[in-house]
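Peer 1: Those protein sequences? They're chains W and V, same order as listed.
According to our numbering, the stretch in the first sequence is residues 1 to 297, in order.
According to our numbering, the stretch in the second sequence is residues 298 to 601, in order.
Since the hints were made in silico from the structure, they are not lab data.
What you are looking at is a predicted structure, and each value in this text was computed from that prediction instead of being measured.
Be careful, since some hints might not be right.
Said to hold, decoys possible - A partial selection of chain W residues facing chain V, derived with a Cβ cut-off under 8 Å:
| # | residue |
| --- | --- |
| 1 | Phe20 |
| 2 | Val28 |
| 3 | Leu53 |
| 4 | Ile57 |
| 5 | Phe120 |
| 6 | Met123 |
| 7 | Ile125 |
| 8 | Asn184 |
| 9 | Thr233 |
| 10 | Gln248 |
Stated by the list, open to error - Looking from chain W toward chain V, a few residues come up when the C-beta cut is under 10 Å (computed):
| # | residue |
| --- | --- |
| 11 | Leu17 |
| 12 | Arg18 |
| 13 | Phe109 |
| 14 | Pro126 |
| 15 | Trp135 |
| 16 | Leu145 |
| 17 | Phe146 |
| 18 | Ser148 |
| 19 | Asn149 |
| 20 | Met271 |
Stated by the list, open to error - For lysine-lysine, the following DSS-like pairs were computed, each having C-alpha atoms within a straight-line distance of at most 27 Å:
| # | chain 1 | residue 1 | chain 2 | residue 2 |
| --- | --- | --- | --- | --- |
| 21 | V | Lys412 | W | Lys283 |
| 22 | W | Lys203 | W | Lys108 |
| 23 | W | Lys203 | W | Lys181 |
| 24 | W | Lys283 | V | Lys494 |
| 25 | W | Lys108 | W | Lys210 |
| 26 | V | Lys438 | W | Lys55 |
| 27 | V | Lys409 | W | Lys283 |
| 28 | W | Lys181 | W | Lys113 |
| 29 | V | Lys359 | V | Lys412 |
| 30 | W | Lys113 | W | Lys210 |
| 31 | W | Lys108 | W | Lys181 |
| 32 | V | Lys494 | V | Lys409 |
Where is the CB? At the ideal position from N, CA and C, for every residue including glycine.
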Amino acid sequence: MKHQNKKSSPSVVSWILRIFLYAWAAVVILPLFWMLYTSVKERGEFIADRFALPKDIWLANYQTAWMDSSAESSLLRYFGNTVLIVILSTFLLLLFVSATSYALGKYKFAGMKLFETFYFVAMLIPSVLVLIPLWFQLRSLGSSLFGSNSAITDNIITLSLVYAIQSMPVYIFLLVGFVRKINNGFIEAAVMDGANEWQIYTKVILPMIKPILLFVALGNIMNVWNEYTTARTFLESEKNYTISVGIQSIQNAFTYSFDYGALFACLVLSMIPIFILYLLFQKQIQNGTDAGEGIKG
Amino acid sequence: MKDTTKKRGKRKGGVLAMNASKWRFLLLLVFPAFLLYLYLCIVPMINSIANSVYDWNGYGPKTFIGAENYIQIFKDPTFWEAFKNDVLIVFFKEIIIVVLAVLFAVSLTRAKIHKREVGFFRFVYYIPNILSVILISMVWKYFFESMDTIKSGWNFLSSENGIWVDHPLPLIIFIASWAGVGYFVIVLITTINNISKETYEAADLDGANQLQQVWYVTLPEIMPQIRYIIINVLSGSLAVNMNLILPLTGGQNHTMVMGLYVYNYGTGQLNMVGYAYAAAVVLMLISFVLCFSVNYYMKRKEAE
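All chains, please: the whole structure from these sequences, using the hints.
Peer 2: Okay, structure coming up:
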């Protein structure tokens, strides 16, 4: 019995499994493919048949998506805001986590262990306990400093800072391990050459943890580009909207006029930057998934 | 500065010992980040716990009411409805994600599948993980709503009051699983590839066929990762279910979940911020208890 199995089963089983694999690939791709071709489908065609392939490529939807709004609320504006937040938060995050990890990993000082434990425990703080009180806290700070409730919360610089600071613990935990593995000989050599602390950090530590910093940057770019709940809570005026909040806010206008093509054109445009990043860095992003497994597990 | 450089060699700890230059580095870069972390994460968290025993609208004066908020939460049927929905969503999401992720990861590593195909699947399966929750929820929302407009026989969604009122839970579970499987497939593939060949060879010598090898070698080896998946989905979902549901249903009461319950009381026109904080604390406690007990139970099972 056993031996029979051994001879006949592998190829048959492999084919059955292959069918499952392709079926799931289809489930993943189909709705996205539907979004893609609906985004180039003329409005009347969509109303007639929502799932039929478009007869012509109707690019006017993209024009509508891109142009059909006031200067305050154009998709271009949302893109600009999001890019700014991504750049600022990634820069701050990289600076903070690399410096902190260097200190935690390489300084011989009793307080450092305590510091590390603090960030480790902080990883467990659930976001649900933080968002709303933070919002009230920053609103009352805004009203006492600038006389306006939304002065601080409705601001893309604040949002960038919040993103950078709140995602610190996980990345610090990941980086400290790598910093520890750096041979102290490199630091000693730099000190011999008369390097100061800043030079050790920029010339010795940073180059050595560059691959992990790339992963941190990629992870943060994707998180921030796609983030919705915090941005929706903080940003009140349309001129500050990020791409997620912006699309959510213009969706009603498009669905009311049955302009699903234009709405989907917005969605397609919104995913292009991240999709390009995924094409370029698929390996690093997926390896980051494995690294993430290490930290969170 | 010069002084400290001279002393450094003699001190215990060599170049890693603290000196003025290192303190300056700490003061300029490490402490500011730490203080900001305290201000933007720890202070709000403490605030929410501390204010959960007050009747407070977020701005005006506070009235201490003890455990009254908590008692009201436990008396509120809407909260229990939210709790029930969360549990249902998480339970089915766990089953679907674990079964599919294990099935796909094992197939991609142990079945006879061409390397190029594996590359294709790795690429496609991970795609939902790079998409925003807004994109995912909108595409599926309009996809299902469009399906619902089809009046022919194969419209399995048919509903009288709209699909999001009649049967929101199965759809939400499906969408959440669709978005979650790929990430865990990648996690599992790496673990399975790290299992040494000798382990399989030993099983092979014992006369185990492919399926038995998967059952007796692969599955036990990936149990810690499966536990990681279960805990990850569990800890992520309870608070995060709302991120998907908010854009899908517009946040109406028919698909209330605990995260949304907190959010609606905290930011809505209800002026019950103290109450929202109490609900957040309850949500956190439920989440912690579930995570720790599942983790404890599974670890014990693994040890057996």
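Peer 1: Taking the hints in turn, state whether each one holds.
Peer 2: Evaluated hints:
Because the closest C-beta pair between W/Phe20 and chain V is about 7 Å apart, less than 8 Å, the hint holds. Because the closest C-beta pair between W/Val28 and chain V is about 5 Å apart, less than 8 Å, the hint holds. Interface restraint check: W/Leu53 against chain V, minimum CB-CB distance 14 Å, threshold 8 Å, status violated. The interface hint given for W/Ile57 is broken, as the beta carbon of that residue sits about 20 Å from the closest beta carbon of chain V, more than 8 Å.
With a least beta-carbon distance of about 13 Å to chain V, the hint placing W/Phe120 at the interface is violated under the 8 Å criterion. For W/Met123, the suggested interface contact is broken, since its CB lies about 11 Å from the closest CB of chain V, more than 8 Å. Satisfaction of the interface hint for W/Ile125 is found here, the shortest Cβ-Cβ separation to chain V being roughly 6 Å, below the 8 Å cut-off. Hint status for W/Asn184: holds, given a least beta-carbon distance of 7 Å to chain V, under 8 Å.
Among the interface hints, the one on W/Thr233 holds; its C-beta lies about 6 Å from the nearest C-beta in chain V, closer than the 8 Å criterion. The beta carbon of W/Gln248 comes within 6 Å of a beta carbon in chain V, closer than 8 Å, and the hint placing it at the interface holds. This hint holds: W/Leu17 has a C-beta 4 Å from the nearest C-beta of chain V, less than the 10 Å allowed. Annotation: interface hint on W/Arg18 holds; nearest CB of chain V at approximately 6 Å, less than 10 Å.
The closest approach between the C-beta of W/Phe109 and any C-beta of chain V is roughly 5 Å, which is under the 10 Å cut-off, so the hint is satisfied. A cut of 10 Å between beta carbons decides the hint on W/Pro126: the least distance to chain V is about 5 Å, and the hint holds. Checking W/Trp135 against chain V by beta carbon gives a least distance of about 7 Å; that is within 10 Å, so the hint holds. A distance limit of 10 Å between C-beta atoms decides the matter here; for W/Leu145 the minimum to chain V is near 14 Å, and the interface restraint is violated.
Given hint, W/Phe146 at the interface with chain V, is violated; its Cβ is 16 Å from that chain's nearest Cβ, farther than 10 Å. Given the 10 Å rule on beta carbons, the hint for W/Ser148 is violated: about 14 Å separates it from the nearest Cβ of chain V. With its C-beta approaching chain V no nearer than about 9 Å, W/Asn149 sits inside the 10 Å limit, and its interface hint holds. Satisfaction of the interface hint for W/Met271 is found here, the shortest Cβ-Cβ separation to chain V being roughly 6 Å, below the 10 Å cut-off.
With a C-alpha separation of about 15 Å, the suggested pairing of V/Lys412 with W/Lys283 holds against the 27 Å cut-off. Taken as a hint, the W/Lys203 and W/Lys108 pair is honoured in the structure, with Cα atoms around 20 Å apart against an allowance of 27 Å. Proximity of W/Lys203 to W/Lys181 is assessed by CA-CA distance (about 17 Å); at most 27 Å being required, the pair is judged to hold. For the suggested pair W/Lys283 and V/Lys494, the alpha carbons sit about 24 Å apart, so the restraint of at most 27 Å is met.
Among the hinted pairs, W/Lys108 with W/Lys210 is consistent with the structure: their alpha-carbon atoms are about 23 Å apart, no more than 27 Å. Simply put, V/Lys438 and W/Lys55 have alpha-carbon atoms about 24 Å apart, close enough for the 27 Å limit, and the pair holds. The straight-line distance between the Cα atoms of V/Lys409 and W/Lys283 is roughly 23 Å, inside the 27 Å bound, and the hint therefore holds. In summary, the hint linking W/Lys181 to W/Lys113 is supported, as the alpha carbons are separated by about 17 Å, within the 27 Å threshold.
Of the pairs offered as hints, the one joining V/Lys359 and V/Lys412 is violated, with about 64 Å between alpha carbons and a cut-off of 27 Å exceeded. A hinted pair counts as satisfied when its Cα atoms are at most 27 Å apart, and W/Lys113 with W/Lys210 qualifies at roughly 24 Å. Simply put, W/Lys108 and W/Lys181 have alpha-carbon atoms about 15 Å apart, close enough for the 27 Å limit, and the pair holds. Between V/Lys494 and V/Lys409 the CA atoms are separated by roughly 16 Å; this keeps the pair inside 27 Å, and the hint holds.
In summary, the structure is inconsistent with hints 3, 4, 5, 6, 16, 17, 18, 29 from the numbered list given earlier, while agreeing with the others.
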